[in-house]
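Residue strings, one per chain:
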Amino acid sequence: MWANNKITGLLIVLLLLLSVQLVQSQPVVVSSGSSIKEGVSRAEPGDTLIIEEGLYNEYDIKVDKPLTILGDGDVVIDGNRKGFILVITADDVTVKNLEVKHASTSFMEDYAGILIEQTDNTVIENVTLTDNYFAIYLAKSTNSVIRNNHITASAKRETQSGNAIHLWYSKDVTIEDNYVTGHRDGLYFEFVEGATISGNVSENNIRYGIHFMYSDHCRYEDNTFRNNGGGVAVMYTSHVEIINNRFEDNWGSSAYGMLLKEINRSKIIGNEFYNNSVGLYIEATSRNEFKHNTFRQNGWAVKLMANSTDNIFTKNNFIANSFEVATNSMKNYNEFNNNYWSHYEGYDLDRDGIGDVPHRPVRLFSILVEKQPQSLLLLRSLLIDILDAAERIMPVLTPETLVDSQPKMTKVS
Amino acid sequence: MKTLTILKYQWKDLFRGKWIIGYGLIYLLMSDAMIRFAGTGPKAMISIANIMLLLIPLVGVIYGALYLYQSREFTELLLAQPLDRNTLFWGLFGGLALPLAFAFTAGILIPMIYTGMVLSAKFQSLALLVILGNVLTLLFTGLGFWMGLKFFENRIKGLGYALVSWLFLAVIYDGLVLLAVFMLGDYPIEEPMLAMTMLNPIDLARITVLLEFDISALMGYTGAVFNRFFGSVIGIGVATACLGLWLGIPLWSGKRLFNKKDF
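Protein sequence lines, in the order shown, are assigned to chains X and B.
The numbers in the first sequence follow my numbering, run straight up by one, and end at 450.
The numbers in the second sequence follow my numbering, run straight up by one, and end at 613.
Rather than coming from a laboratory, the hints here were simulated on the basis of the structure.
There's no promise every hint is true.
[Claimed, not checked] Some chain X residues flagged as far from chain B (calculated, every beta-carbon gap over 10 Å):
id : residue
1  : 206
2  : 208
3  : 231
4  : 276
5  : 289
6  : 423
7  : 434
[Claimed, not checked] What follows is a list of derived Cβ distance ranges for each label pair:
id : chain 1 : residue 1 : chain 2 : residue 2 : range
8  : X       : 389       : B       : 375       : 51 to 57 Å
9  : X       : 449       : B       : 452       : 56 to 62 Å
10 : B       : 586       : X       : 143       : 23 to 29 Å
11 : X       : 133       : B       : 535       : 56 to 62 Å
12 : B       : 535       : X       : 214       : 46 to 52 Å
13 : X       : 389       : B       : 354       : 58 to 64 Å
14 : B       : 375       : X       : 434       : 35 to 41 Å
15 : X       : 195       : B       : 375       : 56 to 62 Å
16 : X       : 423       : B       : 452       : 27 to 33 Å
17 : X       : 195       : B       : 530       : 54 to 60 Å
18 : B       : 371       : X       : 389       : 38 to 44 Å
19 : X       : 423       : B       : 464       : 29 to 35 Å
20 : B       : 476       : X       : 228       : 37 to 43 Å
21 : B       : 594       : X       : 433       : 39 to 45 Å
In this text, a Cβ means the ideal position worked out from N, Cα and C, and glycines have one as well.
Isolated chain B (complex conformation) (with noise of 0.2 Å):
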């Protein structure tokens, strides 16, 4: 219960910042523009899920961060309440992740609401956009968290790993794997090559868009380990489950953190 009155206070505090209108109106606008162009087809929610990708991961470890940071003072005097320190915890992320959460899937979802796409559109890609759009923003945010917690004194350490991180997961990584499947490429590497991918939560999720909207260009690849991958439900069942992992990972570690940590 307790939970539920911090959060309500996150949620007054974080609309009267405005910011987090600002972010619901850039999905909205987005998504508004993608439909306009591209039509109510699945060109529009390529689109879209591709900005999805680009833009969650960076907004949610940063903003995770900094937002620990520019409250420190409303954490301090919330600790200074008879309150246990998982209700403190689970408020203060609900509070952040859940608004954020919020803004994308109205931001996305009106424009499709009043140009009618969501009847049209295969209800199973809407669903699968929503919900990852949900899990990478609870996920990144809480990956924030850490970096904040973990370098609460010092700021611009905390951003600066926040910013990097997200771009070794979203560039880098995939630079390696191209390295990698390029200088190894002569040897059965298909394996290893899925397992590296299951690392990264970026990858993850793009693979899992990828399963929807690109099926036909993944069955076209010559290799029975891919094929037998993604042709299956075990493709979908383990790249759920490792981005299940990713989730309870951070969050734990922050939790974690937060309780030992000596405000």
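Pulled out of the complex, with its shape left as it was, chain X reads as follows (with noise of 0.2 Å):
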């Protein structure tokens, strides 16, 4: 009796079961024409939304209930300016293969294309987000991934624009192979922790490529940024690690490959800095581990402020660049090692690969550029080659202690 009851129970429980997959397996579909909106409160929760190719003229879509809502061809969301486009404040929302355009622009409002808030486990991906005031916004969200979309717009001023990925007090995000453009920060972080952000491509922002503060633990990974307005900027954050990233073409008086101010304990390595007015840029920064980089063909590789303290510098590459690093101190706090520096005139008669003399990356010339800045016009004069082989000899301006005591012979692999 007692095992006949057992049966009927799991017959039961298995019934059930199959009836969720009915259920489940039966998407709601939207078609053109219809409205989105009107699709969503038709759906249960845990369904799929299928959406039919199609322009659709929708705002303020509100999706409160955990949904995977999948475009099916080339199905457009127009929010003609009106507000929102999507607003996802349930967990469990999967959004895959649409494009939205068009959010509103407000000096009060951040309206976004797609509005994250307070969720768990959200997914946006493959989704075209085109010409929206902020493109993809999360807030107080957790385990959200952010994937393969291709975010663009035109605005041509800062205040017109919003950022393209924006995260606010969220956990444990992935932000992985996106393209941004046109926007005011390509990615812009703040009181986020543990995001791992990598593959994406952020260009031609009208700040920041990154913007990113206060958000510890977080990895960026073989991204590219290029030619952003201010470069990229990482601030008040410990525990970074930002690992073969390329930082390319920005060009301006306040324009950084990578801006470092108030980062802690973090591990930059690997990064390619190329073409940038300056590469890295590190202020009131501390025991960081900057290695295995590369700095090629900046005007600055390096401009280290004297408020920056044990900072490693080992195992980097220094090819011509105008100025390999400057200062603002003659106390100097860091440490310079094996690293190779296009610059350097020394020997290496033992033939150990190491140099024979320590190099001094910081010219006289570049302090007089720090105190004047128009006497930058001198550059590769003779006048100031003389005058910094002279510093070089007899460091009466430069700071004494920052220097490279073993320098590599050849380029670091």
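Make the complex out of the two chains shown on their own, each in a separate frame, by following the hints.
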């Protein structure tokens, strides 16, 4: 009897499961001409909502239950600048294969193409976001994935444009393989923890390629930041891992390949800084490791402000930069070791690959330029070379301790 | 046509003297060494540009003057022929400046050809280097000629002036500019500074090199005047025009001296 009961019980459970399966496998379909809002209200939690090919003029679509929203073909949701477009407030929502266009622009409200607020486990994938104020706005969310999206905008001024991917008070977010251009900041992080940012390309944004503050334990890897108004800014954070990224073509008097301000105990490894006015600007930053980075053809490879201490630069390549290291003080509390400097003029008699005389990467001229920027016009003058050579032999104005005592003779690979 | 005949004799004379071959060899060795040590990247190009800015004006101005003194008999012999003086002047000048320019061009290009750098390097940088080197050669040989003609009877004075003028343009002038910057740095001196650099041909050439290789640093300067100047075609246009003037003026006044001179 007891065994029979158990079997019946099992059967009932199985049937129930099957019925759930049946319900889930019946997707709600929104066809062209009808409304997505109505489709969302028709769907039960856990349903799949399929949007058929077409143009949908809708805004403020509230997704307040777990749904999988899939575009079938060329689906465009045009907000006509009237408000938010997709507002996701429920957990476990997935959005894929859509185009979201024309969220409203405002000075009062942060309108976004896709707003994700207080959710867990949201996935945004293969979405094209065109000309939105903010594109994807995440607030107080956890475990989100933003992958393979194409985000473009064409605003000209900072005030008319929001950020492409904006994260605020979020945790454990993955941002992968997105392309971002033309926004105010390509990626914006404030109070984020444990985010992984990899394989993204962020270029031609009005302000920063990535703007990153108060976000501990994040990691960004294999991204490319190119030709952004101010380059990349990473501030007020500890334990960041910045690995194998490219920073290139950031030109201007306040453009930096990467700006580090109050960054502690972080790793900056294997990055390439190419053709920036300033490759790496470091201020009030301590106890970080800079290793295996390559600085190529920048105006200034590294600008190291004197309030930075205990940073270690080792095995980096400094190739054909106008200035290798510039600083604003006679004192230096950072360590340079085993780097390759293309300005190095020493020799290696014992042939161990390490130069026999130390290298002083701070030129006298960089100090002169720091004091009187106009004198930059004398770069590469014979007079300047003579002054530099004299200073190198007898340091008077350059920091005596900022020296690589074991410079490499060949490039670090 | 007669100019070309004089040119031909000059060529023969120069090559017999082996001097010009040595001059070309210096560039060859230097270019080869730079490419060997610094690879075929922009670093080698920058080093070659630096040496070019130093060496060409020095050799041009000294050799320009020296050659006139050395070939005094030859010049006087030619003056006895039915030639007009313009033809003779251009023949003498071309016969010196063109081989020098040729030696420079061959000297830096040959190592680039056999290392394959001509193909891998940026064409614009390479063209700039070659053109600038040639213009500088013509310019400073012209300047040397002018000095030589001005002090034709007093060789010591002529060579002395040539040397001092090189030192002035290459080092002292920049020292004065630097001094001015530090004394008047609080005033808007960008425009006068640009004007000052335009007055010195070595600085002009240097700025053109900067525009090609250090533009990322120049753009880092906080000042609208420089940015507007360097960030547009105006910069390169004005620099080219000024170099043209610098090329023309010493040659023109040298020719006038030559035409009036009682040898």
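Evaluated hints:
1. Remark: the non-interface label on residue 206 of chain X is consistent with the geometry, its nearest Cβ contact in chain B lying 35 Å away (cut-off 10 Å).
2. No Cβ of chain B comes within 10 Å of the Cβ of residue 208 of chain X; the nearest lies about 37 Å off, and the non-interface call holds.
3. Distance to chain B confirms residue 231 of chain X as a non-interface residue, since its nearest Cβ pair spans about 35 Å, more than 10 Å.
4. Every CB of chain B lies more than 10 Å from the CB of residue 276 of chain X, the least distance being 30 Å, so the non-interface label holds.
5. The beta carbon of residue 289 of chain X sits about 6 Å from the closest Cβ of chain B, which is not more than 10 Å, so the claim that it is off the interface is violated.
6. For residue 423 of chain X, the non-interface assignment is contradicted: its Cβ lies about 7 Å from the closest Cβ of chain B, within the 10 Å cut-off.
7. Once the 10 Å rule is applied to beta carbons, residue 434 of chain X is consistent with being away from chain B; the minimum gap is 13 Å.
8. Residue 389 of chain X and residue 375 of chain B have their C-beta atoms about 34 Å apart, which leaves the hinted 51 to 57 Å range violated.
9. The given range of 56 to 62 Å is broken by residue 449 of chain X and residue 452 of chain B, whose C-beta atoms sit roughly 41 Å from each other.
10. Checking the proposed 23 to 29 Å range against residue 586 of chain B and residue 143 of chain X shows it is violated: the Cβ atoms sit about 44 Å from each other.
11. Checked against the given bound of 56 to 62 Å, the beta carbons of residue 133 of chain X and residue 535 of chain B, roughly 59 Å apart, stay inside it.
12. In this structure, residue 535 of chain B and residue 214 of chain X meet the distance hint of 46 to 52 Å, their C-beta atoms being roughly 49 Å apart.
13. In this structure, residue 389 of chain X and residue 354 of chain B meet the distance hint of 58 to 64 Å, their C-beta atoms being roughly 59 Å apart.
14. At roughly 40 Å, the beta carbons of residue 375 of chain B and residue 434 of chain X sit within the given window of 35 to 41 Å.
15. Separation of residue 195 of chain X from residue 375 of chain B is about 58 Å and conforms to the stated range, judged on CB atoms against 56 to 62 Å.
16. For residue 423 of chain X paired with residue 452 of chain B, a C-beta distance near 31 Å keeps the hint of 27 to 33 Å intact.
17. Evaluation of the 54 to 60 Å hint for residue 195 of chain X and residue 530 of chain B yields a failure: the beta carbon distance comes to about 38 Å.
18. Taken as a hint, the range 38 to 44 Å holds for the pair residue 371 of chain B and residue 389 of chain X, whose Cβ atoms sit roughly 40 Å apart.
19. Remark: the range hint 29 to 35 Å for residue 423 of chain X to residue 464 of chain B is upheld by a beta-carbon distance near 34 Å.
20. Taken as a hint, the range 37 to 43 Å is violated for the pair residue 476 of chain B and residue 228 of chain X, whose Cβ atoms sit roughly 51 Å apart.
21. For the hinted restraint 39 to 45 Å between residue 594 of chain B and residue 433 of chain X, the CB-CB distance of approximately 42 Å keeps it satisfied.
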